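Starting from the structure of chain C, add chain H where the hints point.
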Amino acid sequence: MNTSNTGASREASSAIHDFTIPALAPWSGLVKRGQVIRIVDLEGQQAVDTLFYRADDFSERYSAQDTLRAQGSAYVVTGTRLLSNEGFPMLTVIANTGGAHDTSAGACSCESNTVRFGHHTKYMHACRENFLLEVSRHGMGKRDIVANINFFMNVPVEPDGRLAIVDGVSKPGDYVELRAEMDVLCVISNCPQVNNPCNGFNPTPVRVLIFQG
Amino acid sequence: MSMTIKSPADRAAAVQNDIEKNRSRYQQLKAAGQGSQRPLPPATSRTGAVIDASCILHREVIPGGWYWATRVSRGQALRLLNPQATAGVSVMIWNADDTSERYNAGDTVKVQWTAELRKGRVLFSDMGRVLASITEDTCARHDTLVGGSTVLSNLEKYRDASLRNSRDNLMLAAGKYGLGRRDLAPCITFFAPVATDAEGRFGWNEGVLQNGDFVDLRAEMNLLIAVSNCPHPLAPGATYAPSDIEAIVWQAAPAQDGDLCRSLSAEAGRGFENTDPLFR
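These protein sequences, in sequence, are chains C and H. Residue 159 in our numbering is what sits at position 56 of the first sequence, and the numbering runs on without skipping anything. Residue 430 in our numbering is what sits at position 157 of the second sequence, and the numbering runs on without skipping anything.
This is chain C alone, in the form it adopts within the complex (with noise of 0.2 Å):
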């Protein structure tokens, strides 16, 4: 399993996006086709809740099961490449150096964590909240969020099926680049969560830079 590969090296200053996510916040962009996206964990052990639809036709739109099911493995490492529901490649992992990236575990929210962490959690900022409010802007709703990539969330899925949240292993500065094979637009929320270990139960901003290819 290839989890370490710091691949092509480009200079933050030739990036024509540059911007940083504070910590619990969402954000969108668009990746042309050719582009690199990478995606900086600037403190470590943040997990990045990450959602693609092609930019012409938001009904297609990344599919977890479908880029699993093709590579025959269950994480998001370098040269995974991530297929839309229609199966075609949005984009391809080109360099990791943050480890193996969960996309089954999804994202949290409000009602999911009263069922894992008790009622009263209930109240706490989450990633559906974030995405729920981002992908409004682009006139999409709750239908349209389906099976994210959970970039530095570490989630192994064990040989007798037992499947759990553990620390990270991202430290400060580990990335993840992909190239866009089409145009898409890239949704992140910066996951909010402390009741688990996704974001060492203290969330901190993240940096995106994107580049032409």
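Misleading hints may appear alongside valid ones.
[Stated by the list, open to error] Calculated cross-link-like contacts (lysine-lysine; reagent style DSSO-like; alpha-carbon spacing at most 30 Å):
1) H/K279 <-> H/K294
2) C/K274 <-> C/K135
3) C/K245 <-> H/K303
4) C/K245 <-> C/K225
5) C/K274 <-> H/K449
6) C/K135 <-> C/K245
7) C/K274 <-> H/K430
8) C/K225 <-> H/K294
9) H/K430 <-> H/K449
10) H/K449 <-> C/K245
11) C/K225 <-> H/K303
Keep in mind that the hints were calculated from the coordinates and are not lab data. Just so you know, these numbers come straight off a predicted model, no measurement behind them.
What follows is chain H alone, placed relative to chain C:
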């Protein structure tokens, strides 16, 4: 903790205290969720759990390669009967009263701390509610990580893109109820013994599926259920030969005190606490 915050140092200490408190709580929840809160029951006997004929509302034979969709009201149940051990039956579920609420594979495995869904487990929606309970299950090996077959998987496996596939079947089933591409999400495939090794590679446990396997889903809200009878993409065999399955809808017995699925875990219990108020 009740401390008065007086300085940045005190504030930092309070933050650290919260982190440790939350970490400790998570570890307790994980130990309970993956431990022996209540042992899972054995798989249902293939000759057991006979449905009283007077309770049966509908029987449908779904030919190999085809799909079917049905409404199943709260309190009713759906049996998927697999007489000839066909390798995989993919299912998508919506709340019939608000189809923006639907099966959420991620929440289902994350909330219950396992991808091994079998008798006693429940299927969660994206709203922290229980769509359906797995009340009987002879097979105990189902897949919700890999998903069903697609045009691409049939092309790779059988060199034939024209064969019927689950993704298109679920799209068609959704379409017949006025839903569309945006309403599809990761599905669950019953009778699909997918294995995951220590490196995360998927495989297939041969010899698990038996003629006459069945799984029962008790509806915990009013459901729209789409069923696709196409082989799982990881199922062995170079020939595309799905066999017929039968779907049976019947009026289930009301859940009793101590109901397995309602009480198996604290998480399931809270899921039902979120679900039941819809029907007050």
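Here is what the structure says about each hint:
1. For a cut-off of 30 Å, the pair hint linking H/K279 to H/K294 stands: about 21 Å separates their Cα positions.
2. A threshold of 30 Å between alpha carbons decides the hint, and for C/K274 with C/K135 the separation of about 29 Å falls inside it, so the pair holds.
3. The straight-line distance between the Cα atoms of C/K245 and H/K303 is roughly 29 Å, inside the 30 Å bound, and the hint therefore holds.
4. Distance hint between C/K245 and C/K225 is fulfilled; the C-alpha atoms sit about 18 Å from each other, no more than 30 Å.
5. Distance restraint check for C/K274 and H/K449: the Cα-Cα separation of roughly 49 Å exceeds the 30 Å cut-off, and the hinted pair is therefore not satisfied.
6. A hinted pair counts as satisfied when its Cα atoms are at most 30 Å apart, and C/K135 with C/K245 qualifies at roughly 25 Å.
7. Pair hint C/K274 plus H/K430 does not hold up; C-alpha atoms about 40 Å apart against a cutoff of 30 Å.
8. At roughly 18 Å between alpha-carbon atoms, C/K225 and H/K294 fall within 30 Å of each other, so this suggested pair holds.
9. Restraint check for H/K430 and H/K449: satisfied, since their Cα atoms lie roughly 29 Å apart, inside the 30 Å limit.
10. Distance hint between H/K449 and C/K245 is fulfilled; the C-alpha atoms sit about 21 Å from each other, no more than 30 Å.
11. Distance restraint check for C/K225 and H/K303: the Cα-Cα separation of roughly 19 Å lies within the 30 Å cut-off, and the hinted pair is therefore satisfied.
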